[in-house]
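A.B. asks: Starting from the structure of chain A, add chain B where the hints point.
As a plain string of letters, each chain reads:
Number of protein chains: 2
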Amino acid sequence: MEKGDNHKALPQPTVRRYPVYLRAIRAKRARGESLVSSAALAAELGLDPVLVRKDLAMSGVPGRPRLGWSAQALETALAAAIGWNHPAEAALVGAGSLGKALMGYGGFREQGLSIAVAFDSNPDVAGHEFHGVKILPATELKRKVRRLSLRLGILTVPAHVAQACADALVEAGIRGIWNFAPVRLSLPDGVVVQNMDLAQSLAVLSHSIR
Amino acid sequence: MEKGDNHKALPQPTVRRYPVYLRAIRAKRARGESLVSSAALAAELGLDPVLVRKDLAMSGVPGRPRLGWSAQALETALAAAIGWNHPAEAALVGAGSLGKALMGYGGFREQGLSIAVAFDSNPDVAGHEFHGVKILPATELKRKVRRLSLRLGILTVPAHVAQACADALVEAGIRGIWNFAPVRLSLPDGVVVQNMDLAQSLAVLSHSIR
Numbered sequence: 286m287e288k289g290d291n292h293k294a295l296p297q298p299t300v301r302r303y304p305v306y307l308r309a310i311r312a313k314r315a316r317g318e319s320l321v322s323s324a325a326l327a328a329e330l331g332l333d334p335v336l337v338r339k340d341l342a343m344s345g346v347p348g349r350p351r352l353g354w355s356a357q358a359l360e361t362a363l364a365a366a367i368g369w370n371h372p373a374e375a376a377l378v379g380a381g382s383l384g385k386a387l388m389g390y391g392g393f394r395e396q397g398l399s400i401a402v403a404f405d406s407n408p409d410v411a412g413h414e415f416h417g418v419k420i421l422p423a424t425e426l427k428r429k430v431r432r433l434s435l436r437l438g439i440l441t442v443p444a445h446v447a448q449a450c451a452d453a454l455v456e457a458g459i460r461g462i463w464n465f466a467p468v469r470l471s472l473p474d475g476v477v478v479q480n481m482d483l484a485q486s487l488a489v490l491s492h493s494i495r
Numbered sequence: 286m287e288k289g290d291n292h293k294a295l296p297q298p299t300v301r302r303y304p305v306y307l308r309a310i311r312a313k314r315a316r317g318e319s320l321v322s323s324a325a326l327a328a329e330l331g332l333d334p335v336l337v338r339k340d341l342a343m344s345g346v347p348g349r350p351r352l353g354w355s356a357q358a359l360e361t362a363l364a365a366a367i368g369w370n371h372p373a374e375a376a377l378v379g380a381g382s383l384g385k386a387l388m389g390y391g392g393f394r395e396q397g398l399s400i401a402v403a404f405d406s407n408p409d410v411a412g413h414e415f416h417g418v419k420i421l422p423a424t425e426l427k428r429k430v431r432r433l434s435l436r437l438g439i440l441t442v443p444a445h446v447a448q449a450c451a452d453a454l455v456e457a458g459i460r461g462i463w464n465f466a467p468v469r470l471s472l473p474d475g476v477v478v479q480n481m482d483l484a485q486s487l488a489v490l491s492h493s494i495r
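Residue numbers (this note's numbering), protein chains in the order written: chain A, 286 to 495; chain B, 286 to 495.
This is chain A alone, in the form it adopts within the complex (with noise of 0.2 Å):
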């Protein structure tokens, strides 16, 4: 099996699961240790040592029975499945409040995103650039994002033009897009979603404070 499709197979909730895997593996690689064992790993996280056993499994890497996984080789291997050691290049649409504070965000490029550039309808912002991302006018779009290839797109615009946002990306190339605008958007088979409406975990916290 090519690298390549195995990494297609890997369900969600799975992929969802290896940053915590990683990040508990690189802490024991700075301990000093070089085996991983699913049962540990499940104790440390409070999760499912058979989930976990699975979840290992489908990175292709061979644990050994009794010992474990090579720290090292499945670090590679998870990092390689979540884009760790490569950061994909997203385009950013909507530069207001919510998109600055994504874009002054140093922590993306370590979790495997590179904000490559930005759009804004608006011409005040437009033309301008924030911590080193140029912001575009929203009407180079469409141009810009084929040019540089971009798969991923970040939505931080108002929900009444999202969908139509969603579109232009989606007809420029991009394949997965972050939504932080509050809306379901409607897209085509094959296109990712991923949803991040913080006004519903605020929701929960401020209802649960009362």
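To be clear, the hints were calculated from the coordinates, so they are not data collected in a lab.
No experiment lies behind these values; they were computed from the predicted model shown.
Don't take each hint at face value.
If you anchor each label on the Cβ, the simulated ranges turn out as follows [as the list claims (entries may be wrong)]: (1) A:Ser471 / B:Leu336: 19 to 27 Å; (2) A:His371 / B:Arg431: 42 to 50 Å; (3) A:Pro296 / B:Ala444: 20 to 28 Å; (4) B:Gly391 / A:Val335: 43 to 51 Å; (5) A:Gly391 / B:Arg431: 27 to 35 Å; (6) B:Asp333 / A:Gly391: 40 to 48 Å; (7) A:Ser471 / B:Val477: 30 to 38 Å; (8) B:Ala312 / A:Ala315: 45 to 53 Å; (9) A:Pro334 / B:Leu433: 38 to 46 Å; (10) B:Ile494 / A:Ala444: 21 to 29 Å; (11) A:Ala342 / B:Arg314: 48 to 56 Å; (12) B:Pro298 / A:Ser471: 17 to 25 Å.
Cβ atoms here follow ideal geometry from the backbone N, Cα and C, with glycine treated the same way.
C.D. replies: This is chain B only, laid out in the frame that chain A set:
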């Protein structure tokens, strides 16, 4: 039933949907509509009509058979349940890259959150102000959070100090924690946590575009 008791009784999935309903109801009111039907709202949001009717009924606003709910009454009740009319004041711990991004985000206030004060253990950062929020030394956390009677904490610290910071917040009276640190916190009963591990969503996106 007291209004407060009523609020306490709302299940978390319902509360998470309230911001979604609220935005839709506000849009309806802006279009001049004064009545909300759960069926229409469900269709618009792609949700199960029975679920929507139950969620709205739990707000305590009486629906009228065939007519539906008063849009204004629903807006008031839902906004009260999730604090959109009275932003909760929060303490932010960890004024690094992500912490500052959140401090600089102007959209929280209308979503029921106001960052009252921030803390950081780095002496170069403590003592400064960022977007109008004072950053105090971490040593002042307990005293200050108690004095301001804050109930909400935002954790934007590195993983290895997250639990200790959470413990300090809880000891100082915090009842809800918005946790951006990539760690499962161990918290006493009665303290609500919402985990926001950005790396997990990013992992799914990065994996999907490979």
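A.B. asks: Each hint needs a verdict: does it hold in this structure or not?
C.D. replies: We went through each hint and held it up to the structure:
no., hint, result
1, A:Ser471 / B:Leu336: 19 to 27 Å, "20 Å, holds"
2, A:His371 / B:Arg431: 42 to 50 Å, "47 Å, holds"
3, A:Pro296 / B:Ala444: 20 to 28 Å, "25 Å, holds"
4, B:Gly391 / A:Val335: 43 to 51 Å, "46 Å, holds"
5, A:Gly391 / B:Arg431: 27 to 35 Å, "32 Å, holds"
6, B:Asp333 / A:Gly391: 40 to 48 Å, "41 Å, holds"
7, A:Ser471 / B:Val477: 30 to 38 Å, "32 Å, holds"
8, B:Ala312 / A:Ala315: 45 to 53 Å, "50 Å, holds"
9, A:Pro334 / B:Leu433: 38 to 46 Å, "43 Å, holds"
10, B:Ile494 / A:Ala444: 21 to 29 Å, "25 Å, holds"
11, A:Ala342 / B:Arg314: 48 to 56 Å, "53 Å, holds"
12, B:Pro298 / A:Ser471: 17 to 25 Å, "23 Å, holds"
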